Amino acid sequence: MSFISLMGALEIGLIFALVALGVLISFRILNFPDLTADGSFPLGGAVAATLISGGHDPWLSCAIAAVAGAMSGWVTAWLNVRLNILQLLASILVMIALYSINLRIMGAPNVPLLGEATVFTPFIGEGGDSAYWIQPMVLVAVVIAVKLGLDAFFASQSGLALRATGANPRMARAQGISTNRYTLAGMALSNALIALGGALYVQTQGGADISMGVGTIVIGLAAVIIGETLIPSRNLWIITLATVLGAILYRLFIALALTADFIGLQAQDLNLITAVLVGFALVLPMLKAKLRRASGAK
Amino acid sequence: MMHAQGLTKTFNPGTPIENRALRGLDLHIETGQFVTVIGSNGAGKSTFLNAISGDLLVDSGSIRIDSQDVTRLNAWQRAGLVARVFQDPMAGTCEGLTIEENLALAWQRGEKRGFGRAVRPELRDMFREKLARLKLGLENRLSDRMGLLSGGQRQAVSLLMASLKPSRILLLDEHTAALDPKTAGFVLELTDQIVAEQKLTALMVTHSMRQALDHGERTIMLHQGRVVLDVAGSERANMDVPDLLAMFERTRGEAVSDDALLLG
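Going down the list, the protein sequences come from chains A and B. Under my numbering, the first sequence has 261 at position 261, and the numbering climbs by one with no breaks. Count along the second sequence starting at 1, add 298, and that's the number in my numbering.
Same shape as in the complex, but just chain A:
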């Protein structure tokens, strides 16, 4: 694998680290199985690409994309806590609805960003031949900032209330925590991060496409599961770190599998590789336990 393709994998891995942190909040902290991601990731992309191609500031566009993502997560949670629709079903409804909304926002199946100024433009010199390593560096800064921000939030009074809402809602209510309100807020935060990932994704890929959301949730979950398998911990700041590393590792695996010619895999095999990787990560803890038992028996 060349250095440039390595940096490319790192770049996408860092973007999906944001998605994975969002998935961590919904699936792991709030205990809310949420598939909205497949709609909120392209939503972030659609909003950002449309605004940027309309000549707006790219950072502002990212912020608005995150707000749009927050709204979609809020709607999913609202369908669940107010209308009592099953969590999974509520998120599927929003995901489906977002497909139409995203088409409306973009006004076409895709919005190209070629030649537009993105959040990366100020850091890249004339000619743009340093983009392949500058873009990942900018993303590293963004992901570290988000990770540290989340860590501080989870240790705050509100963050603790959010964690209690997911872990033991009855106890949380007995402590005066409105579990409904915290579910709404937590799901908004989760999808804001996912949409921010989408907004940055379109700026690295040269445009938004209506089909860019397919499989987002699987990749996010894969990153969370790889992270907690490789670095098992109960400490939240380690868990967020493991999630970020999981996302990067996942993309590196994919890049390796696709570039290793002797395996004979091609780009269209991506989803198959994803499924195999996630399946492997899921059984890994079991395999590790078996190995430990086997070595302990000797």
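Hint data in this document are derived by calculation from the structure and do not stem from the laboratory. Hints should not be assumed to be uniformly reliable.
Listed next, with one range per pair, are the computed distances between beta-carbon atoms [claimed, not checked]:
#1 Met424(B) / Met137(A): 28 to 38 angstroms
#2 Leu287(A) / Glu487(B): 41 to 51 angstroms
#3 Leu89(A) / Thr313(B): 18 to 28 angstroms
#4 Arg104(A) / Asp442(B): 45 to 55 angstroms
#5 Leu421(B) / Leu148(A): 15 to 25 angstroms
#6 Asn317(B) / Ala97(A): 51 to 61 angstroms
#7 Leu446(B) / Leu148(A): 45 to 55 angstroms
#8 Phe280(A) / Thr313(B): 29 to 39 angstroms
#9 Asp478(B) / Phe280(A): 41 to 51 angstroms
#10 Gln268(A) / Ser448(B): 13 to 23 angstroms
#11 Gly435(B) / Asn84(A): 40 to 50 angstroms
#12 Pro311(B) / Leu270(A): 51 to 61 angstroms
#13 Ser448(B) / Ser2(A): 48 to 58 angstroms
#14 Leu421(B) / Gln268(A): 49 to 59 angstroms
The structure presented is a predicted model; accordingly, all values stated were derived computationally and were not measured. Ideal Cβ placement from N, Cα and C applies to all residues, glycine included.
Go by the hints and put chain B onto chain A.
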């Protein structure tokens, strides 16, 4: 002061499994009074406690805590007034959070939560001091996860959490039922101590008539969703378990003669 009047609650109304858990329950508890509650299975004890805490809303009747009508408020809106310890040691705490994080959650019971650090150094010192009084060695385990504690330790911490902030009424729902006799004795002693020290108004459900008479200053018996027996003062002081049992049998016999048939 807690005043409950004419509480009714029916589960699954209009179906074959309809259950009239509360059927016009009246109870008045003065400020500072420690009341124990007994009753057979299905008498409505848990439903009554859940109605006071707001975990479920009653079909009719009203509940007042001090001067505030809380009938229509849900559990988190009442949390500033009501503190509680659950029967299940797992239910009252978050096992994934540390001891100090659980205490920090309880420290803000019923209050607005901001974005400041939840566990500040001065809070940690206060938690350590309070935990030391339990004499369980937990003062050195502040950052241990709750899940690592035994059932008795968790109930002791739950009790501490419930008394960390002042409350108008403390609800104890068979909080020693899941513990071994020795640990149960310790938790009960701790309960007496905390209730007396903070002059709490308390309502303790128990399945043991011995406990009901030995603790608190007034005992009520629930049967079929109503208060059927209410003893306090010298009458209660002269009572022993057989007397209570006899009264229990008598009210049961009067209230439902077919119950005896069912029990064979």
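* **Hint check, failures only** => 1, 6, 7, 8 and 10
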